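Chemist: For reference, the chains in residue letters:
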Amino acid sequence: MNQEKHPVTLEDLLRLKRAERPPAEFWNEFDRELRTKQLAALLAKRPWWQTLPITGLFARLGHHRIPLGAAAVVAITFLTIRDGAEGVGLVEEQERSVYAVNEPGGGSYPALVPTVSVHSTVAGFESTPIAVPVDQAVAERSESDDRIGHQGAVVAMDMPARFEPRVGAGQLSRMIPLLGANDVHAGNTRIASPRYIAANLEAVQTTEALGVGLLSVAPRQGFESRALPAPRASAVDPLQQMTPPSDFRRSRYLTAMVSITSEDSLDRTTARMAQRISGDELYEQVQRFGTRRGGLNVKF
Amino acid sequence: MHQPADYASFSRVIEATKVLGKALVASPERRLEADADVDVVRRVQAGEVAAFDRLIVKYRERVFGIVYNMTSNREDAADLTQDAFIKAFQSIHRFSGQSSFFTWLYRIAVNSTLSHLRKARLRSFFSLEQIDSDEPVSKEIIAALTDKTGVDRDSYVRDLQEKLNDAMQKLSTKHRTVVTLFEIDGLSHQEIAEVMDCSVGTVRSRLHYAKQLLQAELQPYTR
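Protein chains in written order, with my numbering: chain A, 4 to 303; chain B, 742 to 964.
Simulated from the structure, these hints should not be mistaken for laboratory data. Quick caveat, the model's predicted, so the values are computed rather than measured. Just so it is clear, CB atoms sit at the ideal spot from N, CA and C, and this is done for glycine as well. Some clues are possibly wrong.
Output of the computed footprint for chain B on chain A, the stretches with three or more beta carbons under 8 Å from beta carbons of chain B [said to hold, decoys possible]: (1) 11-19; (2) 23-31; (3) 36-47.
Whole structure, please, built from the sequences with the hints as guidance.
Modeler: Printed below as a string of structure tokens:
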């Protein structure tokens, strides 16, 4: 059989590498060393992290790292957005709290007023929200202020006076219209009278004044000491100690005018002008002026 | 008895088709091997340590061949092959059978070798093994190379070995690994992609680039 010889290719040359083999004795030595290493590996104590089954879990999860990472990013984004929305809702809720306002007739009605919600627990006493009519609350507050101011001791109290509405069975129908549920009892709907609005406004003003009084009169402790600035020793208004820039500018201009109008500088200016004008020019300029028929004559 | 003149070209086409098919998917022999390995691995996982020796005897020469052609050093190749088997033995409880055992073992060996080559980049000592001249394929190739030139066969083969080794060492480690796994060990593109943890396209690209470089280096020997 006479076959045509094909040229030697790169693959043929690389196939020669496949034929590079160590002698048989090499494998005897190889097996002996491998056996020794294998026994050593069996006896060697493995690190604790390799014995954990969670290592295999991570290895398995590693195959899905891209979808897992994307899911984690989406979850974090969702939680961040949701927490942000809840925070905004809390602020809005704090700004529109329902307060009980005392009616001159004797009952209490809810009122929508802006509040600052601060709960403080002082000296081991835990404050609890209370539900009282505003005038009663104001009276109690005044007593509390007196106690604080006279005794110098701290009495357990709820700082911003977050009042829970005390609602009886008969007052519920009067609360509903103010809460915006007019369609529930359409027949018994009552609209807030100007008297109630005035009462609400008065209650708000009283509450604000009460808050300012509490924060300014009582000895500052806890939140107050951090939130409010310490009283200044001097009674001078800091703005009055500052000089406005316009005063600086005005004084600079006045100084410059004084220096210009001084005699010394005036003499120097006249001498400088006289040096610049030659004698002919000066004579010519003088000739142009004259008097004629009782008037001033100027030649051009 | 004379055969038609185009018999050689026809047989070359058949061989090229087989090579192409082997390159794309794993051969049936490999699949049978993989199925047989699963039973042995299960026994080792069940506590039969002696069963692992069968896997060592079966794969030690192939793993050594890969590591040797990547490092071109016998001692390093022996150490790295032993380490690969030890690592496989220690971690065999983690082998879940998603890939074949030899792919998993190759991956351990290749990663260990690449790590070793990164560390020992500056100190490289090469040692060349003897080409088995009794093997029919190598015998035929050597005969084809030396018949026309008429030079001393042993010295010519030695020069060729050195030239081949130099050309392989000029490749980057990843290109060298791909050439070793494909041309010398005979793995398919898919299997190489699994071993090297990359795409099949990357394997093909690396193989093409590496062959271009090798072709330029070994041009005097290819005719």
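Chemist: All hints, please: hold or fail.
Modeler: Consistency of the hints with the structure:
no., hint, in the structure
1, 11-19, "holds (count 9)"
2, 23-31, "holds (count 6)"
3, 36-47, "holds (count 6)"
Checked against the numbered hints given earlier, the structure satisfies every one of them.
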